[in-house]
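Undergrad: Chain by chain, the residues:
There are 2 protein chains.
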Amino acid sequence: MTPEFYMQLAYDEAKKAAAADEVPIGAVVVDMKDGKVVSAAHNLSEHSGNASDHAEMLALRQACEKLGTNRLRGMELYVTLEPCTMCAAAISFMRIEKLYIGAEDKKGGGVLNGVKFYDAPTCHHRPQVISGIMSEECSQLLKDFFAKKRKKA
Amino acid sequence: MTPEFYMQLAYDEAKKAAAADEVPIGAVVVDMKDGKVVSAAHNLSEHSGNASDHAEMLALRQACEKLGTNRLRGMELYVTLEPCTMCAAAISFMRIEKLYIGAEDKKGGGVLNGVKFYDAPTCHHRPQVISGIMSEECSQLLKDFFAKKRKKA
Chain A
0 MTPEFYMQLA
10 YDEAKKAAAA
20 DEVPIGAVVV
30 DMKDGKVVSA
40 AHNLSEHSGN
50 ASDHAEMLAL
60 RQACEKLGTN
70 RLRGMELYVT
80 LEPCTMCAAA
90 ISFMRIEKLY
100 IGAEDKKGGG
110 VLNGVKFYDA
120 PTCHHRPQVI
130 SGIMSEECSQ
140 LLKDFFAKKR
150 KKA
Chain B
0 MTPEFYMQLA
10 YDEAKKAAAA
20 DEVPIGAVVV
30 DMKDGKVVSA
40 AHNLSEHSGN
50 ASDHAEMLAL
60 RQACEKLGTN
70 RLRGMELYVT
80 LEPCTMCAAA
90 ISFMRIEKLY
100 IGAEDKKGGG
110 VLNGVKFYDA
120 PTCHHRPQVI
130 SGIMSEECSQ
140 LLKDFFAKKR
150 KKA
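Chains A and B, in that order, give the protein sequences. Numbering that gives the first Met the number 0 numbers the first residue of the first sequence as 0 and each following residue consecutively. Numbering that gives the first Met the number 0 numbers the first residue of the second sequence as 0 and each following residue consecutively.
If you're looking for bench data, these hints aren't it; they were derived computationally from the structure. It cannot be assumed that every hint is accurate.
Identical copies carry no separate label here, and so any pair may be met within one copy or between two of them.
[What the hints assert, rightly or not] SDA-like cross-link-like pairs, simulated, lysine to any residue; straight-line CA separation at most 20 Å: (1) Lys97 with Ala19; (2) Lys65 with Gly34; (3) Lys65 with Ala119; (4) Lys106 with Pro120; (5) Lys151 with Met0; (6) Lys142 with Asp20; (7) Lys105 with Thr68; (8) Lys65 with His46; (9) Lys65 with Gly48; (10) Lys97 with Glu21; (11) Lys32 with Leu111; (12) Lys106 with Ala119; (13) Lys97 with Val37.
This one's a predicted model, so the numbers in the text were calculated from it and none came from an experiment.
Could you build all of it, start to finish, from the sequences and the hints given here?
TA: Pasting the structure below:
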């Protein structure tokens, strides 16, 4: 399967978030061994009552639960938007091996932008980062969501 | 109540973690309005099967659940060790007003050390930071824990 195949799954998750009036971001954890999807989640932070319920955090947590481990070695994470600083660090703690990013997030990202956590000396596990997978589509989904929000306001 | 009073509660939580063979770090959320403790938690990341179950994340999550909100405005957080990058960002997202830190964490901290998240342009809410509360005791608890671990190994 191509990276685009899995990013499409993350994108489908993001669309579910939009339908639930959540910021449309989706994430998928894949086992590199057999290409199977281990978990898939979308952002819930507005309605769950927990501002840390980002798509990545939820997908990571679900994968840990499913696999009965707190270290996701040999796993890759696909996410439609560049992870924020919190999620970037969580991805490192969980030992994710490869991180595929859809759109960049200049305002809130912590991987390619901002604190660039994986370049910091306080980062003790650095996933391989591949960015720009379906970036136009992932970015457009967010733009459409916020344009609609502004129209309503 | 003094900051030391609440840090002592966080320290007591950290001791519970040590007793459960978890890295001894504790955290307490306090409502600034009336000084009441809203939540208290200790690190569970080794045994919960979730590497993001840091004391701060758990205390924040519990406070959100208890108060039915995902924004902890008017709340302060006491934590025995400088928050890591993940927790530093979560504390910002949750809108914690004041952050009291026990010991500094030069290797893994994300507030006073490392990425210093609150100084980054991608940080959109900066809590007031007060550090060095009971730092000796908080640091000693960690040193004793790891010395014991090394002895066992």
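Undergrad: With identical chains, the pair Lys106 and Ala119 could be close in the same copy or across copies; at 20 Å between alpha carbons, which is it: within, between, both, or neither?
TA: both (19 Å within a copy, 11 Å between copies)
Undergrad: Taking 20 Å as the upper bound on the Cα-Cα distance, should Lys32 and Leu111 be classified as within, between, both, or neither?
TA: So Lys32 and Leu111 fail the 20 Å test inside a copy (27 Å) and across (39 Å) alike.
Undergrad: How would you classify Lys106 and Pro120 at a CA-CA limit of 20 Å: within, between, both, or neither?
TA: between (23 Å within a copy, 8 Å between copies)
Undergrad: Could you figure out if Lys97 and Ala19 sit no more than 20 Å apart (CA to CA) within one copy, between two copies, both or neither?
TA: Cα proximity of Lys97 and Ala19: none, with 29 Å in one copy and 32 Å across.
Undergrad: Have a look at Lys97 and Val37 and pick one of within, between, both or neither, based on CA distance no larger than 20 Å.
TA: Within one copy only: 14 Å inside, 38 Å across.
Undergrad: When no copy is named, should Lys65 and Ala119 be tagged within, between, both, or neither for a Cα gap of at most 20 Å?
TA: Cα proximity of Lys65 and Ala119: none, with 30 Å in one copy and 35 Å across.
Undergrad: How do Lys151 and Met0 come out at 20 Å by Cα distance, when the copy is not named: within, between, both, or neither?
TA: neither (40 Å within a copy, 46 Å between copies)
Undergrad: When Cα atoms must be at most 20 Å apart, do Lys105 and Thr68 count as within-copy, between-copy, both, or neither?
TA: Neither, since 32 Å and 27 Å both go past 20 Å.
Undergrad: Please work out whether the CA atoms of Lys97 and Glu21 approach to 20 Å or closer within one copy, between two copies, in both situations, or in neither?
TA: Result: close neither inside a copy nor across copies, 26 Å intra and 28 Å inter.
Undergrad: Check Lys65 against Gly34 for me: Cα-Cα at most 20 Å, and say if that holds within a copy, between copies, both or neither.
TA: Classified as within: same-chain Cα gap 16 Å, cross-chain 40 Å, threshold 20 Å.
Undergrad: Between Lys65 and Gly48, at a C-alpha cutoff of 20 Å, which is it: within one copy, between copies, both, or neither?
TA: Answer is between; shortest inter-copy Cα gap is 10 Å, intra-copy 24 Å.
Undergrad: At 20 Å max between alpha carbons, let me know whether Lys142 reaches Asp20 within a copy, between copies, both or neither.
TA: This pair counts as within: shortest intra-copy Cα distance 14 Å, inter-copy 47 Å.
Checked against the numbered hints listed earlier, the structure breaks hints 1, 3, 5, 7, 10 and 11; every other hint is satisfied.
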